[in-house]
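Work out the full structure: start from the sequences and follow the hints.
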Amino acid sequence: MQSLYKTSHLLDTEHLSHKELNLIFDLARKFKNNDTLGTHRGTNVGFLFHEASTRTKGSFLIACKNLGINVLDLSPQNSSFVKGESLVDTAENLIALGVNLFVIRHNQSGIMNYLSEKIDVPIINGGDGMHAHPTQALLDAFTLIEHFGSIENKKVSIIGDIKHSRVARSNIHTLKTLGAEITVIGPKTFIPIGIEKMGVNISYSLDTILESDIIMALRIQKERQLSGLIPSFSDYASCYGIKEKHLTEIKSEAVIMHPGPVNRGIEISGKVADSKNSLILEQTTNGIFIRMAVISLLLEGNL
Amino acid sequence: MQSLYKTSHLLDTEHLSHKELNLIFDLARKFKNNDTLGTHRGTNVGFLFHEASTRTKGSFLIACKNLGINVLDLSPQNSSFVKGESLVDTAENLIALGVNLFVIRHNQSGIMNYLSEKIDVPIINGGDGMHAHPTQALLDAFTLIEHFGSIENKKVSIIGDIKHSRVARSNIHTLKTLGAEITVIGPKTFIPIGIEKMGVNISYSLDTILESDIIMALRIQKERQLSGLIPSFSDYASCYGIKEKHLTEIKSEAVIMHPGPVNRGIEISGKVADSKNSLILEQTTNGIFIRMAVISLLLEGNL
Amino acid sequence: MQSLYKTSHLLDTEHLSHKELNLIFDLARKFKNNDTLGTHRGTNVGFLFHEASTRTKGSFLIACKNLGINVLDLSPQNSSFVKGESLVDTAENLIALGVNLFVIRHNQSGIMNYLSEKIDVPIINGGDGMHAHPTQALLDAFTLIEHFGSIENKKVSIIGDIKHSRVARSNIHTLKTLGAEITVIGPKTFIPIGIEKMGVNISYSLDTILESDIIMALRIQKERQLSGLIPSFSDYASCYGIKEKHLTEIKSEAVIMHPGPVNRGIEISGKVADSKNSLILEQTTNGIFIRMAVISLLLEGNL
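Which chain is which? The protein sequence lines are A, B and C, in order.
So that you can map any letter, position 296 of the first sequence is 296 in the numbering used here, and since no number is skipped, the others follow by simple counting.
So that you can map any letter, position 66 of the second sequence is 369 in the numbering used here, and since no number is skipped, the others follow by simple counting.
So that you can map any letter, position 265 of the third sequence is 871 in the numbering used here, and since no number is skipped, the others follow by simple counting.
Please note that the accuracy of each hint is not assured.
[Unchecked claim] Pair by pair, the computed Cβ-Cβ distance ranges are:
no.: 1; chain 1: C; residue 1: His753; chain 2: A; residue 2: His147; range: 50 to 60 Å
no.: 2; chain 1: C; residue 1: Asp880; chain 2: A; residue 2: Ile145; range: 25 to 35 Å
no.: 3; chain 1: B; residue 1: Arg344; chain 2: A; residue 2: Gln221; range: 37 to 47 Å
no.: 4; chain 1: C; residue 1: Tyr720; chain 2: B; residue 2: Leu584; range: 42 to 52 Å
no.: 5; chain 1: C; residue 1: Ile808; chain 2: B; residue 2: Gly371; range: 55 to 65 Å
no.: 6; chain 1: C; residue 1: Ala658; chain 2: B; residue 2: Ala355; range: 54 to 64 Å
no.: 7; chain 1: B; residue 1: Ala355; chain 2: C; residue 2: Asp726; range: 50 to 60 Å
no.: 8; chain 1: B; residue 1: Ser320; chain 2: C; residue 2: Tyr720; range: 40 to 50 Å
no.: 9; chain 1: B; residue 1: Pro534; chain 2: A; residue 2: Lys243; range: 35 to 45 Å
no.: 10; chain 1: A; residue 1: Glu14; chain 2: C; residue 2: Ile808; range: 55 to 65 Å
no.: 11; chain 1: B; residue 1: Leu584; chain 2: A; residue 2: Asn33; range: 46 to 56 Å
no.: 12; chain 1: C; residue 1: Asp726; chain 2: B; residue 2: Ser541; range: 25 to 35 Å
[Unchecked claim] Simulated crosslink set (SDA-like; lysine to any residue; CA at most 25 Å straight-line):
no.: 13; chain 1: C; residue 1: Lys671; chain 2: B; residue 2: Thr588
no.: 14; chain 1: C; residue 1: Lys828; chain 2: A; residue 2: Leu87
no.: 15; chain 1: C; residue 1: Lys782; chain 2: C; residue 2: Ile797
no.: 16; chain 1: A; residue 1: Lys271; chain 2: B; residue 2: Ile414
no.: 17; chain 1: C; residue 1: Lys636; chain 2: A; residue 2: Asn70
no.: 18; chain 1: B; residue 1: Lys421; chain 2: A; residue 2: Leu281
no.: 19; chain 1: C; residue 1: Lys857; chain 2: C; residue 2: Asn759
no.: 20; chain 1: B; residue 1: Lys368; chain 2: C; residue 2: Asn759
no.: 21; chain 1: B; residue 1: Lys479; chain 2: B; residue 2: Lys421
no.: 22; chain 1: C; residue 1: Lys638; chain 2: A; residue 2: Lys271
no.: 23; chain 1: B; residue 1: Lys335; chain 2: B; residue 2: Gly604
no.: 24; chain 1: C; residue 1: Lys882; chain 2: A; residue 2: Glu117
[Claimed, not checked] Residues on chain A that point at chain C, a partial pick, calculated with CB under 8 Å:
no.: 25; residue: Leu97
no.: 26; residue: Gly98
no.: 27; residue: Asn100
no.: 28; residue: Gly270
Read the hints as simulated data drawn from the structure, not as lab findings.
Predicted model only: the values in this text are computed from it and were never measured.
Glycine included, C-beta positions come from ideal geometry on N, C-alpha and C.
Here is the structure:
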């Protein structure tokens, strides 16, 4: 994977083949079933989270602890490591300190692709700008395969701010690799021009979810600058929020997903989040096993 | 304990029977004597400290490490986990991540009682508003029993801002359960109306401590809004601060306690804090064993 | 060492004999070669970093983990431990919590000397004001001895803000103990009056490095108040920055060092930092082994 680089990394999902996806899912399944303990005692993983995160960070942290790995959290909020130093210098110094793998989150799209050309240890992208969030897409796909067996030809709706969503982008790549049929849904300001070139359908109406097998709501990034893109959060909720009434309208076997944290009452209502159709907590749980699998495979040079 | 709830929790000391107190103290004693190692390897404990703390947090941290427990510190200063999510959602997601028990501190009194109705894993209250701080009361009682054997009929003075003190409230419950006779001491603005209904005496003069076996000074919360309640800290110190001269006036076998951190020269003078009557450092040390005991008992379903 | 105090500490390098330096280096070498695993499982080390740090902190953290030591990071950014409490009270309470050794960084010069008179567990100075940074000096000397075998009579240039540098001060002590000949280089405002009494030469010109075996650039502390001392950073860089052209002018076997983090283009250029003469990453790596050695020796009472 990523043969462009000196070392294997997980920077996006675009370059992951169906076979590589299966490799990851098989190992995640083993971890989940406790078949394999996969210890990497003595290994040091460096966390560089340049954007706030704890769902993803907490999940990576437990994944590392389960594998017996030491975590060095050198995220800027915890540290001054990065001040006055380039990210490359920081990474090289951490390698000199014994770091064997990095998990990085950064608000600049593509920064890890640049970094990966400079250093020799694997990088896992924990989310970069609007570019990619590969482990989220992997855990979503893993959860769906666990639920449906296969998602070939399943109809997927992805609802929300597709334009600014790295989760959407990474999910589109894996879901297409796995043979699903994708429609992105949102107001025009949220649909990037040319998205159809990724092989997805476009809809501006939430009615599309009535035909879907998989309904994936994206988080509205309250903290991001959205002024002008939507009139208000309540307006968005009224047009694109999944509400209790939808539960009787969608296919009974349809599943509802959300990468979290959920803004209840905006993207989805509390009743929907807690309904039997919801896979939200399964997503969280599976995140640990997917991250254990990816870390293991990269450390062993098997990805 | 707390049969109101689906799972056992430690939310206050009000509902702890004498028998349950002994159960906790017996296990704490075993941990202190290294009789029992009580390992819970593979267990994940989530820390949610919504108020600054490190004495309590550090003590819980060492308790967890001694038990082989992984700690996930998702306190808001470290994390954005809670942003845009209710505490219930946060907790449910952490449970999905594998958290087996929570230690929570929060400035809202009673919030953990609400949370405990919603989730199925044990919660330990690390202090909530002006309501309760059960592990502090347990470690205080444990320290006293270790020192005196029994505290039945011992005279206890609790001095300070009784009104706003969760430490006072939790201590009153355990000390009464253990048969002690309690007097609360402070300026009128610090004594809550109706406190005598808890079965305690009231005094407005520090002279009361001359008859006491146990003298417990509370911390003046400098960071809280006290404007109007007392004229000044030095005024408080002059009327209610325990000073060197008291050491010759109090019973020679009387003990002096403080939950820490001590404002030396306000609640008690440096000489008093360091005197042979002081149990302050014993309190700190015992905190670890009490917390190990409570965590163990809750994880094993034995409380 | 430090027989002034009740317990051994590492507060500066001034009092370390050549024999004691060798003791430290020998153990560091063993750790580096994996000859000795030196486990201190069950030991608690308290971190009190009152100044931002992560290179040093990360290095101490890995050193502790390698030794099986629990780290309690009670640095003020993580904690409120210190609020309203003197450093002595904080330390005593941490000792009561089971802390066996402290690593402290503080902006007040000499504060640890004061603290060391009051408490009974070893303190390692992780940098105090403009006074000392002993583990940095030890890792620098270790790196040089590893490289050269001996540094007796080697010519060392230390370039930068000597006046405000604890790194310079600690290095001067160890390098002189090991027999090196030292010149400090910088603008007059950076050279403290009377520095020649430490047995060093003074130069105001970077040309001096052409004769040096060891060229040590200090970090310009951008975050410190430098107004007035130098006209601008670019001015400093043009007069005292080590640039690519110097690589052909200095002795071919000369080595270039920097305590990090490097301000590339100010103290040294990127080409110089990455050149074959640079020992910068070796310094980082060796920091772990030096810190393992110092922690081990102090815990065992052998220093």
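These are the hints, each one checked on the structure:
no. : hint                            : in the structure
1   : C/His753 - A/His147: 50 to 60 Å : holds, 59 Å
2   : C/Asp880 - A/Ile145: 25 to 35 Å : violated, 45 Å
3   : B/Arg344 - A/Gln221: 37 to 47 Å : holds, 38 Å
4   : C/Tyr720 - B/Leu584: 42 to 52 Å : violated, 20 Å
5   : C/Ile808 - B/Gly371: 55 to 65 Å : holds, 57 Å
6   : C/Ala658 - B/Ala355: 54 to 64 Å : violated, 19 Å
7   : B/Ala355 - C/Asp726: 50 to 60 Å : violated, 28 Å
8   : B/Ser320 - C/Tyr720: 40 to 50 Å : holds, 48 Å
9   : B/Pro534 - A/Lys243: 35 to 45 Å : violated, 57 Å
10  : A/Glu14 - C/Ile808: 55 to 65 Å  : holds, 59 Å
11  : B/Leu584 - A/Asn33: 46 to 56 Å  : holds, 48 Å
12  : C/Asp726 - B/Ser541: 25 to 35 Å : holds, 34 Å
13  : C/Lys671 - B/Thr588             : holds, 24 Å
14  : C/Lys828 - A/Leu87              : holds, 18 Å
15  : C/Lys782 - C/Ile797             : holds, 18 Å
16  : A/Lys271 - B/Ile414             : holds, 22 Å
17  : C/Lys636 - A/Asn70              : holds, 22 Å
18  : B/Lys421 - A/Leu281             : holds, 15 Å
19  : C/Lys857 - C/Asn759             : holds, 15 Å
20  : B/Lys368 - C/Asn759             : violated, 49 Å
21  : B/Lys479 - B/Lys421             : violated, 31 Å
22  : C/Lys638 - A/Lys271             : violated, 58 Å
23  : B/Lys335 - B/Gly604             : holds, 21 Å
24  : C/Lys882 - A/Glu117             : holds, 20 Å
25  : Leu97                           : holds, 6 Å
26  : Gly98                           : holds, 6 Å
27  : Asn100                          : violated, 12 Å
28  : Gly270                          : violated, 34 Å
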